Amino acid sequence: MNKRNHNEDLPDPRDKYLPLAQWLQQVLSITPRQLEHEPASITDDGERFGDDYHIEFYQQLPDFVLALLNDDTQATIRFAPLLFHLIGCPTCHTAYLEIYDAMRAAVGSAETYTPITPSSHSMATTSTQMLVYLCRLLINQAKAVLLQGHHDHTDNDEWARSLLQQAIYISSHLMQSTLRQRALRDLVEVATLFESATTPTEQEPAAYSYTPVLSTGSGARHSTTRRRVEAIGRPVEQPAIYLQAEISGVEGMITQTEDVLELHLEDLPQELRGQPLTISVLLGSILEPVRWFGGNPRAIRSQVPVRDDGKLTIPLGKTELRLSNPEDHNILEATFKKLDVRPSD
Amino acid sequence: MPFTAHDLRYDLEHSYSSLCAYLQQRAQRELRQLAYDANEVDLVVGHVVEQLTRLHLLGGGDNSPQSALDRLSNAQFYAFLNHSVRNKAIDRLRKHRLPTSTLSEVEGLASNEDEYDPLYTVTSSIWGSNPFPTPEAAALRAASQQELRMLLKRCIEELSSAPRQLLAVLEELEELGEGDFLEELKENFRTLLTDLELSHLSQHKDHAHKKLRHCLQKSSTNLAVLVAFRLTEYGEHSTGTNEVSVDIKDLKQTGLSEQEVQAGLQRLVKVGLLEWHGEQFVRCSSIQLKHLTRFYEEGE
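As you go down the protein sequences, you meet chains A and B in turn.
For the first sequence, our numbering assigns the number 1 to the initial residue and increments by one for each residue that follows.
For the second sequence, our numbering assigns the number 1 to the initial residue and increments by one for each residue that follows.
If we strip away everything but chain B, and leave its shape as in the complex, we get (with noise of 0.2 Å):
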């Protein structure tokens, strides 16, 4: 019987073995010359099975949550499976080829081949419109957007517990002439800085950006942000006191779970922007309220 990937996270037991014969059926076909080599087929095979295991759908169960895996339609996952296995098949047949060939004589071969070769047709469109093909792309991306931008500024600021760490930082963006939330950052902190000297500054600067990896790579970090801007923009001011509050109900709107909303108010709470202890309206006076919107607001 086909599988659907339904029967892959619930009785893998059952469906692996038609997961591998389709799996191998279409590694076969997109291997070409290679179709015929056990071990390449199997390290094709091999590859998605990983993937699907590192992607929590093969046995998965009710124990690990679903993702947009889950919800194609099996027309597209089988779609999703065909592309996964073509992409490893043409990994492996450049694998081959690159070594015993210069580049001149693998252009050449390109220009006589068959037009259709998988290995060269889909090389341009693979991660053509990809918003992030390389990591350059993605950093500059997140250097760029104001949101991500303000992320990493949370999380300069977030070092000021070492001060020197925090300097060390400064510095280095000083150098890249970033001045943008350079200054607000000097502002904000100076008291803090002032008459500091700087020894051993590459060991501050691993430490701090030590820190500043965990702390962007940090779900809470990006809740809080998140969070804090959801406070200000849906709080409604209370009859007669200075006060917004808001459900949390309407902070769980696109995209947020209920867990993720409170991981991002206890965040505001232990930076002490919030007093919030577990209601289900959340409570701010104005200017906590304030200072949440500089939380989330880029110093320009």
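With the rest of the complex left out, here is chain A (with noise of 0.2 Å):
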């Protein structure tokens, strides 16, 4: 028997472990909801981001991948779990290509430090769609590390609050309201997943759940915002926040006086006259700036009853944001997105 021909005798290494290989592929395969799904464009609003981001894994590629690249003999040891998801995540092993390229070509890189020209580029300048999309990004993120943490048992709420906060502040440097709402989609539904998100109070549904009316436009923006504000009372030039009741459509408002923000509700209902209500601002512990009376945003009673024309006015807390300010007035929008009344007890 010639040498060639004993080579081809001696069974291949790979050969003797193929069939286990294929019985692990098996046992490990999940099936992405949707592997050729790709969103035609960034403003695609359908589910842009699925259920086949693994956060716990994703995390560790580029680790991972550097450790390959360094010839790490312990690499596929200590990436274990890494290793056996990538065998049964299509999109985690995309994932996983796409960053050892890139990080191959990083580690060896020839390439010299490209800085930009310095220039003017500002919130103002970029692509008011790159703003949407980093910050629907942003707080699907959020949801993605509150959900881990609910997992894990670990509390990754300052994590995501981070997170949300980010995104509250560059939307607010999107000045047409649509865009915000599109930035903003999915913010109260992430921040309804914080631990701290049901309380006590909050077992029975609220008798009113307010969110900011959008503008439409110019023109119709302020002949319906003057019906607005003549109906409540305040001068037209006060920047406020206007809100509208869902299903009853019942109307509110939020101003300024110095630093206090106020509420303004009109047309309550008769069952509520005489009582004092309690307010809950789902996201008023999101944000900083908002030092809210009494300490909690999901609580804030009123301190007289609702009259008996159906109107109160209720100091809600201190802030230097200011409404007149329109980044800040966007910050303050957002924070107000769902706003709930109760009686209180």
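No wet-lab data here; the hints were simulated from the structure.
Among the hints, erroneous ones may be present.
[Unchecked claim] From the derived model, a few chain A residues whose C-beta atoms are all more than 10 Å from chain B: (1) P81; (2) T211; (3) L272; (4) R301; (5) R322; (6) P343.
[Claimed, not checked] Restraint ranges, calculated between C-beta atoms of paired labels, are given here: (7) S248(A) x A75(B): 55 to 61 Å; (8) N74(B) x S344(A): 22 to 28 Å; (9) H150(A) x A35(B): 39 to 45 Å.
[As the list claims (entries may be wrong)] If you want the footprint, here are the derived chain A segments under chain B, 3+ residues with CB under 8 Å: (10) 54–66; (11) 91–100; (12) 158–167; (13) 287–300.
All of these numbers come straight from a predicted model, not from anything done at the bench.
Note that CB positions come from ideal geometry on N, CA and C, so glycine has one too.
Two independent chains are provided; combine them into the complex using the hints.
Structural data, given as structure tokens:
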């Protein structure tokens, strides 16, 4: 037997493990919800960020890749759970390939540092689509972080809160309210995932749940605004956040007197008149610049009852933000994205 | 001003515009004939922005753990971004071309085009030396590397709490001709599996696979094996006793954090191989040490 034939007779060590490898792949396979889904544009409002993002494993990819690039013999052992995950998850495996290629280029890079010429890049010059996109990403990331925390029994609230804060601050640079609404579309849903989101006072449903009213363009907005402001009896020029209750359509408004934010409600129904109310600002604990009266934005109690004409004014808290400043206005508007009203006790 | 990975982590609001401008410029360059399609440029930029967010870099602050990305030099970080943009741009170019051409047309087109066309020149080099270019390659490594097989064995052993599931998996391994650790597993659980009959096989198999999937991807399983190995490797015999003691500091060497070491130790305590209540020094008897050795060694 010649040498070649002799070698051919030797079993390929990989063949020995092939059946086990195939079985392992079968055991570990997960079917991504929409493997072929790719958005046609970043403004695609569908299920852009699916369940195939496995935060626990994704975050390990750069370290794993670097260990492989450094020929770390322990890499596969140290990152064994990740390796087993990559066998079964096509989404994370694709991400691994991308990161591997980019990291390999980076580590072996002969490219020189290529700074951008100093220029006037600012939020104002950044495409609004990219701002909306980032806000949605940050909110979605906050959701993933919170869900991971619930799963691992770890407290990720601070981390998620920081991501939501950044989304709110970045959205404040969007001057068109429809864009802001798109940017912060999932904000309320994610805020309800915080451990502290459910307080005993909120076991019963809110009598009214208010959200900010969108302006629909300059002309229409001005006429609508004027009607609302006149109806609530405030000077037309006073900057405000206009609120409308879901379902019933009753209106409210938030104004500012020096540092104090005040909520004005009107058309409250007969059954609430003569009663004090408790206000809950769901996103109140996300942002720090407002110091809420009573300390808890989820339970701000009115000191006076609803008047006989169905109106009530309640001071909510103090802030250095100014409703007259467009960006501050937008931050506060996001804070009041969900405001619930209940009769006290 | 140019931005850095640090800026993106700690000052996203002020560095995001520069990141977008930079990625946009690179995307236009790499997208070639699609450079003036704003939607395509946004898709490429958006992809990289999404990836950086998913990797916890954008706006991660001190809340998210730092990774190898944070440790890249500025030049390396920019190279990382450039290649991320480039790969996504190639992906987009391919998507635009392939639906309108047959494979042979594409091949013909490729030979006629500029030889430096990234669509074709990069194809062979992108994943060239990647150790795991496909999930199959990763599976083959997991099946053939001793330490990883050892983890698999540990996870199969954990099925012993549901003997029918264990039996279902052992039967699968038998069908595969997987004799290596099968015999030892069978021997270890001989009494447990005696006279056990398997009905509803596929149901037991499904449950077993689910548990295996969970166990293999659970870091505590992996950590337990790693820590067991290190305990036996770094343990020093205390004079005059039959005990071995190891400082937790020693267990932390090469890449394990204290938290990970503790998770591994807790796992070993849970499976009854160790007694440890959070002390700085882990102590184990020679019998425990022997069991620990068996815990990480693959039976041949």
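Verify that the Cβ of P343(A) lies farther than 10 Å from every Cβ atom of chain B, and report whether the claim holds or is violated. holds (38 Å)
When you look at the beta carbon of R301(A), is every beta carbon of chain B farther off than 10 Å? Nearest chain B Cβ is 33 Å from R301(A), so the label holds.
Does the claim that P81(A) lies off the interface hold, with its Cβ farther than 10 Å from every Cβ of chain B? violated (5 Å)
Can you let me know if the beta-carbon spacing of H150(A) and A35(B) is within 39 to 45 Å? holds (44 Å)
No chain B beta carbon within 10 Å of L272(A)'s: holds (40 Å)
According to a criterion of three or more residues whose C-beta lies within less than 8 Å of a C-beta of chain B, is the region 91–100 of chain A covered? Since 7 is at least three, the answer is holds.
Whether chain B covers the region 158–167 of chain A (at least 3 residues having a Cβ closer than 8 Å to its Cβ atoms): As far as the region 158–167 of chain A goes, the hint holds, because 5 residues have Cβ atoms under 8 Å from chain B.
Examine the region 54–66 of chain A for residues whose CB is less than 8 Å from any CB of chain B, and state whether their number is three or more. holds (count 10)
I want to verify a distance hint. Is the separation of the beta carbons of S248(A) and A75(B) within 55 to 61 Å? Once the Cβ atoms are compared, 60 Å apart, the range 55 to 61 Å for A75(B) and S248(A) holds.
Count the residues of the region 287–300 of chain A with a beta-carbon closer than 8 Å to any beta-carbon of chain B: does the count reach three? violated (count 0)
The output says R322(A) does not contact chain B. Does that hold with a beta carbon cutoff of 10 Å? Given a closest Cβ separation of 18 Å, the condition holds.
Given a hint of 22 to 28 Å, does the C-beta separation of N74(B) and S344(A) actually sit inside it? violated (57 Å)
The structure does not agree with the numbered hints 1, 8 and 13 stated previously, though it agrees with the rest.
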